[in-house]
Each structure stands twice: as structure tokens, then as C-alpha cells.
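Residue numbers (the numbering used here): 20 to 498.
A hint or two may mislead.
Unchecked claim - With beta-carbon atoms standing in for the labels, derived distance ranges:
(1) Arg386 <-> Arg488: 19 to 25 Å
(2) Arg55 <-> Arg397: 31 to 37 Å
(3) Ser89 <-> Ser328: 38 to 44 Å
(4) Val496 <-> Arg458: 33 to 39 Å
(5) Arg234 <-> Arg457: 32 to 38 Å
(6) Arg454 <-> Ala432: 19 to 25 Å
(7) Glu419 <-> Gly124: 32 to 38 Å
(8) Glu319 <-> Gly281: 21 to 27 Å
(9) Leu442 <-> Glu260: 22 to 28 Å
(10) Glu275 <-> Glu494: 46 to 52 Å
Quick caveat, the hints were computed from the structure, so don't treat them as lab data.
Virtual Cβ for every residue (Gly too), placed ideally from N, Cα, C.
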Amino acid sequence: MGGLTLRTYKLTLDLSAGVPCLDSGAPEVLDSGRLRVRWLLRRRPRARLARVHDGSAHLEAFRGPTGGRSLGVYVHVPYCRSICTFCPYFRQVLRDRGELERYLGSLLRELELYGRALEGLGLEVVELHVGGGTPSLVPPRFYGDLLGRLSEFFRVRCGVGIEANPEDLRDPRYVEELYSSGVDEVSVGVQSFDRRVLKALGRKHPPEDGEVALRNCLGAGLRWVNVDLMFLPPSIRGYVEMGLDEKLRAFRRDLERSVELGAHQVTFYATVVPRSSPGYRLAELDRLQQELDSIDLFVEEALDFAESSGLHLVRVYSASRRPYEYATVNLEMVGPLVGLGAGAWGNTGYYQYVNVHSVATYVELLREGRPPAAYARRLSEGSRAWRLLFDQLSAVVVREETFRSLGLGLPLAARALLRLMELSGLVERVSGGYRLTRRGVIEVYKSVINYVVELPVKVTEVLAELGRRGEYPQEVVIG
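Take these sequences, add in the hints, and give me the full structure.
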């Protein structure tokens, strides 16, 4: 990949997850693990990633052992029309359609590499989701090609789920083309139906686009439609200034409107302000304000709404009409998941990798027939058990049978943690495991957000910067 150095790139975080920053000069925004959380759930995320040198060895490592016969596939489309103010993901502005077509061709070549490596293992694709970036920029025919290519190597038991911007779904003909090409799930990035919230988030679509998008998706017959909402938008001094009560009322209206319009699922995230985002400059200028200590109020609002509306809490951050969820990377924590595309992550359960965060490098490597994995790490059985535990906590219920079905034991320390959580009123015993209490949902929600900001977001920032430089050190350490 060029530019190889023999040093280690190390980013040492100054904050432990869940410990509020005491530096009065730092912006009071959600740019790190600032959310106050019970001590039982304060864990400082760490990752030590080793450079992938040998593509053949990488594919062999991914081939086995896998953590099961059900396989997930995640595809990353990094292109956008413009960059959102507080976007934490690997993305870039699309310059022309030719660039997109070259990238889509590279995706199919990468799929073929993994398909040939995993062929004969009897794996079934049970989840296929496309994130970004903006997957709704992609011509619908590609999703049909993707399903067709997958079926050459695996039994495919699902359709395609994609993330989409509301403005891309205004034309019902485009939505119908998506459906006829195999897309049967869509997560619509509405973010809010409130004009002021959208302005604070730097989103370009008006509230009406979200409503039209949902009607078109449901009218086309898509079997599952999720609405992505964002709450706790920063107040921007001199531009959009909203008080806490205004933000809470807007969030409640967003939840209500999503269900009124017929969405099957509503997912709700606190607004993150990554240090690599365009909007972080406003934080450095002391123009942003977020009421971080009030996040409990927003989660309480969502829980009240879910309960009063008869919705199922399928994740601490998502409520659904029935016990099913749209989840872009549902198998990311536990695996097996094949990650395709620049910036994508994959995980067998025991081996995790992340692709190069450079579209040009990604396309070039695949043109040469080489897998674009940049870094990887081995995961022990104990590590996998802990990852499964926290994945299940985020899914509200910890089921001991799930551990047994994957051939995993619940570590003694994990049992002790659950017992302490029970004594602290965060979980309660149910048949076959534990269920989060209302207080537990709130605390785990904050723990999840702290983790996301401290690890995946920071890894993306680091690898994107290394990709821009063309530098690939032997090791990257986050934590």
C-alpha cells in the first residue's frame, strides 16, 4: 500500500469512558466519552490493530474458525453529495458517476475474493445491509447484481437493506426500482421533522422530504422501514439556539410523527460532535452547546413513548412494532460478518479486520486482485464472550442460551458483573437470563454512546488520516 513505516501509531485517550472531562477549556460537546454512567459500566475501550501484509494469509484467517453458519454482509458506500456538519463516518463527496461505477465494480471484486475463500463452508447469508455515506446514491440495478453475485457463493436468505437520505426517496419510481432490485428494508435518515433541529444538524432536506420518503417506501411495499432520529442537537450561538425544553418537545414530536407515518421501527441517537467533523470548529470557537447531563431525559422520553405506543424495545436505542430490528451491522460485535468497501469492518468472531480508509487505495488494491484489509486483530474466546455480553445488554435481554448456542461460556467475571448490576437495580432476573430495568436501559444507552465515540469513531478518524497521508504503520493503538 506504499508509505510503509515501522513505527506504531498510538492515540492515547485522555478520558476514561463515562468519566466527565475536568478540563474547563475543552468544548462541552459529545466529542468523547463524556456521558456520566454508573461505575459498573465504565470501561475504557482499547484496540490494538496489526498491519495486514499478506492477503492470502488474511483470507485464510477469515476462513476459519467462524463463529457460526449464519453470515452477515455489510457493504460501505462512502460517497455523499455533501458532508454533514457532524458526520462521524468515513465518507467523501462524490465527484462524478464514473467514480461511483468504478467503486461499485471494486465492491463486487472484493465480494468474489471472500466468496471464493468461504466457498464450501455451508454459510448462509442472513443479513445484507448497505451503509455509508449515502447508499441511496447507488443505481438500483447494483443491488440486484450484489444479490446475484452473493448467490454464486452462498445461500442467500434475505433481501438488501440500505440507508437512505429522504431527498433521494422523493421520487416513487426510484423507490419502486429499489424494491424490484431486491431492496426490501430501508433506514431513512430523517433525523428530525423539526426545521430548526435539521438546521442545527446541518441537514439540507426539509421536514416534508422525510414524510414523502416514508410514504413512498411504504407505498412501494418495502417490508421494513426504519426511521433514524437524532436528539440533543447542539445549540449554535448566533445561528440556531434552542433550549432544553424545546429540544425535548421536538424529540417527542419526532417520535410521534414517525409512528403516525407508519414506520415499523424508530432508532434514536444522541448527536455526536466528532473532532474530525466540519462542525467541530464551531465547538473550538465556543459556539456550540449540548446539555450532556440531560441525556437521561431524552432516553426517558423515548422509553415513555415506546411504552405508551405498545412498541418493543429491540435495542436500548431502538423501538419496533414487533420483535425485529433493522440493524446495519447487527453482527459486528460477535460475527461472522463480511465487511466490504473502503472503511468497512469484518469479523469472524475470532478474527476482526478493517479495510483501508482511502477509496483510491481500495480500488487500486482490488484492481491488482489483493484484499483491501489494512489492519486486523485476533479475538480470544473470552473476548468474544464479553463482546456478546455487551451486545446482548444493548439488546435489553441477556440470554444464557445464546452463549451456549455459540459454544461460549459466560465468564465468571461477567457473571459477577451481572450480579452486581442486579444488586444495583440495573438488571432483573428473567427466565433464562437477565433483562435490563428502566434504569439499566438508560445506563447502557450512555455506555454504548461512550463506546462508539471512543472507539469506532476514533478508529475512523485515525485510519482516514493515515489513508490521506498514504502511511500504514505496523500497528495502530487506540486507547
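Comparing the hints with the structure gives:
1. Between Arg386 and Arg488, the C-beta spacing of about 21 Å keeps the proposed range 19 to 25 Å intact.
2. In this structure the hint that Arg55 and Arg397 lie 31 to 37 Å apart at CB holds, the actual value being about 34 Å.
3. Remark: the range hint 38 to 44 Å for Ser89 to Ser328 is contradicted by a beta-carbon distance near 31 Å.
4. The hinted window of 33 to 39 Å between Val496 and Arg458 holds, with their beta carbons roughly 34 Å apart.
5. Distance hint for Arg234 and Arg457: a CB-CB separation of about 34 Å, consistent with the stated range 32 to 38 Å.
6. Taken as a hint, the range 19 to 25 Å holds for the pair Arg454 and Ala432, whose Cβ atoms sit roughly 21 Å apart.
7. Checked against the hint of 32 to 38 Å, the pair Glu419 and Gly124 fails, with Cβ atoms roughly 45 Å apart.
8. Restraint check, Glu319 to Gly281: a C-beta distance of roughly 25 Å satisfies the suggested window 21 to 27 Å.
9. Separation of Leu442 from Glu260 is about 43 Å and departs from the stated range, judged on CB atoms against 22 to 28 Å.
10. The hinted window of 46 to 52 Å between Glu275 and Glu494 holds, with their beta carbons roughly 49 Å apart.
In this structure, the earlier hints numbered 3, 7, 9 are contradicted, and the remaining ones agree with it.
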